[in-house]
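Please build the complete structure, drawing on both the sequences and the hints.
Residues per chain are reported as follows:
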Amino acid sequence: MKHLLDMTSLETEEIHEILQRAEQFRTGKVIKSPEMKFVANLFFEPSTRTRFSFEVAERRLGYEVMNFETSSSSLQKGESLYDTIKTLEAIGANAVVIRHQDERYFEPLLNETSLSIINAGDGCGHHPTQSLLDLFTIQQEFNKFKGLEVVIAGDIRHSRVARSNASVLKRLGAHVTFSGPSEWQDERMSEFPYITMDEAVERADVLMLLRIQNERHSTKCNASSSYLESYGLTIEREKRMRANSIIMHPAPVNRGVEIDTTLVECERSRIFKQMENGVYVRMACLNLLLQNAQEGMVV
Amino acid sequence: MKHLLDMTSLETEEIHEILQRAEQFRTGKVIKSPEMKFVANLFFEPSTRTRFSFEVAERRLGYEVMNFETSSSSLQKGESLYDTIKTLEAIGANAVVIRHQDERYFEPLLNETSLSIINAGDGCGHHPTQSLLDLFTIQQEFNKFKGLEVVIAGDIRHSRVARSNASVLKRLGAHVTFSGPSEWQDERMSEFPYITMDEAVERADVLMLLRIQNERHSTKCNASSSYLESYGLTIEREKRMRANSIIMHPAPVNRGVEIDTTLVECERSRIFKQMENGVYVRMACLNLLLQNAQEGMVV
Amino acid sequence: MKHLLDMTSLETEEIHEILQRAEQFRTGKVIKSPEMKFVANLFFEPSTRTRFSFEVAERRLGYEVMNFETSSSSLQKGESLYDTIKTLEAIGANAVVIRHQDERYFEPLLNETSLSIINAGDGCGHHPTQSLLDLFTIQQEFNKFKGLEVVIAGDIRHSRVARSNASVLKRLGAHVTFSGPSEWQDERMSEFPYITMDEAVERADVLMLLRIQNERHSTKCNASSSYLESYGLTIEREKRMRANSIIMHPAPVNRGVEIDTTLVECERSRIFKQMENGVYVRMACLNLLLQNAQEGMVV
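Protein chains in written order, with the working numbering: chain A, 831 to 1129; chain B, 831 to 1129; chain C, 831 to 1129.
Since the hints were made in silico from the structure, they are not lab data.
Just so it is clear, CB atoms sit at the ideal spot from N, CA and C, and this is done for glycine as well.
One should not assume that every hint holds.
What the hints assert, rightly or not - Pairwise CB distance ranges (calculated):
(1) A/908 with C/942: 34 to 40 Å
(2) B/859 with C/942: 26 to 32 Å
(3) A/838 with B/838: 55 to 61 Å
(4) B/940 with A/838: 43 to 49 Å
(5) B/976 with C/942: 54 to 60 Å
(6) B/1032 with C/908: 27 to 33 Å
(7) A/838 with C/854: 44 to 50 Å
(8) C/1044 with A/1091: 47 to 53 Å
(9) B/844 with A/1091: 34 to 40 Å
Stated by the list, open to error - Sample of chain B residues lacking proximity to chain A, with all beta carbon distances greater than 12 Å (derived):
(10) 831
(11) 870
(12) 914
(13) 916
(14) 917
(15) 953
(16) 1000
(17) 1001
(18) 1018
(19) 1026
(20) 1056
Claimed, not checked - Each computed BS3-like pair below joins lysine-lysine, with the alpha-carbon atoms no more than 25 Å apart:
(21) B/867 with A/862
(22) C/974 with B/859
(23) B/867 with C/862
(24) A/832 with C/1103
(25) C/1103 with A/867
(26) A/867 with C/974
(27) C/867 with B/867
(28) C/1000 with B/1103
(29) A/1103 with B/859
(30) B/862 with C/867
(31) B/859 with C/867
(32) C/1000 with C/974
(33) B/862 with A/862
(34) A/862 with C/832
(35) C/862 with A/867
(36) B/867 with A/867
(37) A/859 with B/1103
(38) C/862 with B/862
(39) B/867 with A/859
(40) A/862 with C/1000
Written out as structure tokens, the structure is:
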């Protein structure tokens, strides 16, 4: 592995390798880079948890972190992403974590740089470390994927999480169903059937709520309490969930929209646990990529 | 102590403990955190000296610093301060330094997080590390508080320094008087009498000038040379100050308004000394909070 | 040397000293500051390569880096550069790297601070580390300056590179010529003759293209393909360049304007090599300045 771009490109074996390394970091394994290595974080869209989660992961591994504020960079002077990446390479960066508004922004870069690229979100495309931390959280809970009932609910169409997760969970043996308003259904994923939220809560082992991506909608949607009643997780619905089933959400949560605010930290919720797990999973990915880069291996 | 929020909550003994540790750092004591600890700086209002002073203090103690640029964070997506703090906690932060425009923004957070919160300014409320560095600077000069004549002069009403300092200095035995335009007097602090600037310079051991907080006024005030003549420290007034008396100002100074520009670095001025002391005092606070947090002590 | 402000103030011997140290860093020399030293980066204009190049250099030398985002600082409250510098000094910075829109912004600071100031660009004035990395790149290629034909081509008037480089290259024995549109000629540099781009490609050992400084023009210039045809490096012109001659550009490149986009990474191009060299040269400068500052030497 040289780059981490989407879940589709990851072999099942590589996924298990990453989850296993993440578990080692969770239980206290310490690895510090013996050489000075530089990781640059380029976020072209606002982010808190992903950006800082990567930063914590990078520092725990002993890397030097360069935070690239896009508002004060030469991108202001019209510089292309390609030239920015070649510049980072020239000044000695080893890897770059990128969030960008364009889907598959990384295509033109792949064969042109010695840097490892870690995709931290490409438009409505993919967000592989989010998928991996979701897998890690599910595995931690159930110790398997095979046969699990997973319902992914909400703004399927604009979510980079929904698509990545549905495919990989199916590949790992889970049974995946979608739920959500018809206008946000994604015709590219027609293999997954839709059910109502009332059905979802009774079926799911894992109820994976999605954030309404207001920032990616051309018109503001109806992100209100009527959404909660029709499509979200109300207090009443949570009561009908199966024993031992869990609630997930990639956050930030629109409280009172996707989920009743009192449920965000309820016993079933793994929302903050997901964030904690994100650090371990990102450590695993960075460690794997930069170690391989060092050994000269290329995907 | 788990949090540092305002001066009122600090026991006199704790204040002396902080000043004593600050003095140890000033005279060269080196303490480096043996474990990796993360401190996040969240500044919702512009700042130079406070932000960088904290950053230098954090690094001198060997902490990992995470600078949270509020303009590029998920607060842009409408995330609440509560959820931001819980996120920082989940990804492994140990303490958070916050400056925020709302008074007592920290109230809803206190019993909800394992993080130590250090208030670096809440609206027109408090700014405890500024008070502590002011105390440290006074103690360095006079080696006592009891019986000292302290005049706090200027924009009393909008200052988070005035209120904190007046109360704590009185508690420590100093005699505190206010000076300033009647429209900026603060009825919540009616126990402290007002005197003119002409009286102030003749009485004060410590003349503590305040910054005119233009950014917190609903209407722009008369921050001009006529202010200097009526309420500020002119060259002429400085000449009438008592031997060994000192001038303080939390900075940034509006030169030619609160004080004649030539006096900013005059012999009596401790303005840049205050900034230097700020680093030692913040090291003392961070060291105390993070050490206690480690021992599981809670206020 | 206490400060690094422009090339004019550097003795020829000091230039050779810097280039020699840069070569040592390029070939793997490791120097880590035994004490904790703080370097602040103050960029008042957008920058990618210069800012990050300095940051990598600072970290490779083991310094603590403080990145000062001017948009969130007290400069927003009207604080002067002088007071900002004095603040950085008070809180313990050892050196400050500044890019600023005003020519010779540093004049009022020089005798007022114990900090080392490194000029990373002053308006249309100077950018000494860019000149030094250009010299380093030329020396690496030709192992001499004497007798080399150097053509500096493009927006001479608004470039801080053109003036610095022309003078210092002449001092070191090179033969320097200019090329570019008549409206961007610089009457302050009348000693250097102008030639056409067609002549330039046939004469130059070093063809140094300049970025069109759109951001410094009061009216937008004709930065288009017609510029490329008249004044830029086309594919056709590159073919007429002398054997072993090289192409340089300080970047970011306006692709298709100053140079045909396919030539940016051609065999003759040293554009990304210049960026790599920038790190070594900046390490050399910082190492020299901070070491001397330590020994109490002052220019």
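Status of the stated non-contact between residue 916 of chain B and chain A (beta carbon gap over 12 Å): Non-interface label on residue 916 of chain B violated, nearest chain A Cβ at 6 Å vs cutoff 12 Å.
Could you tell me whether the CB distance from residue 908 of chain A to residue 942 of chain C stays inside 34 to 40 Å? Roughly 37 Å apart at Cβ, these two residues keep to the hinted range, so it holds.
Are residue 974 of chain C and residue 859 of chain B close enough, with their CA atoms no more than 25 Å apart? Cα-Cα ~51 Å, so violated.
Verify this label for me: residue 1026 of chain B is non-interface relative to chain A, using a Cβ-Cβ cutoff of 12 Å. holds (46 Å)
Between residue 862 of chain C and residue 867 of chain A, is the straight-line Cα distance small enough, at 25 Å or below? Between residue 862 of chain C and residue 867 of chain A the Cα gap is close to 15 Å, so the pair holds against 25 Å.
Regarding the pair residue 862 of chain B and residue 862 of chain A, is the alpha-carbon distance no greater than 25 Å? With Cα atoms ~18 Å apart, residue 862 of chain B and residue 862 of chain A stay inside 25 Å; holds.
Against the range 26 to 32 Å, how does the distance between the Cβ atoms of residue 859 of chain B and residue 942 of chain C compare: consistent or not? The hint (26 to 32 Å, Cβ to Cβ) holds, given that residue 859 of chain B and residue 942 of chain C are roughly 30 Å apart.
Hint check: residue 832 of chain A vs residue 1103 of chain C, CA-CA at most 25 Å. Holds or violated? Roughly 23 Å between the alpha carbons, so the hint for residue 832 of chain A and residue 1103 of chain C holds.
Cβ-Cβ distance between residue 940 of chain B and residue 838 of chain A: within 43 to 49 Å? holds (45 Å)
Check the hint pairing residue 867 of chain B with residue 859 of chain A against an upper bound of 25 Å on the C-alpha distance. At roughly 16 Å apart (the allowed maximum being 25 Å), residue 859 of chain A and residue 867 of chain B satisfy the hint.
Quick one, are residue 862 of chain A and residue 1000 of chain C close enough, alpha carbons at most 25 Å? violated (48 Å)
Given as non-interface: residue 831 of chain B, which should sit over 12 Å from chain A by C-beta: holds (25 Å)
In summary, the numbered hints that this structure violates are 5, 11, 12, 13, 14, 22, 26, 28, 29, 34, 37 and 40.
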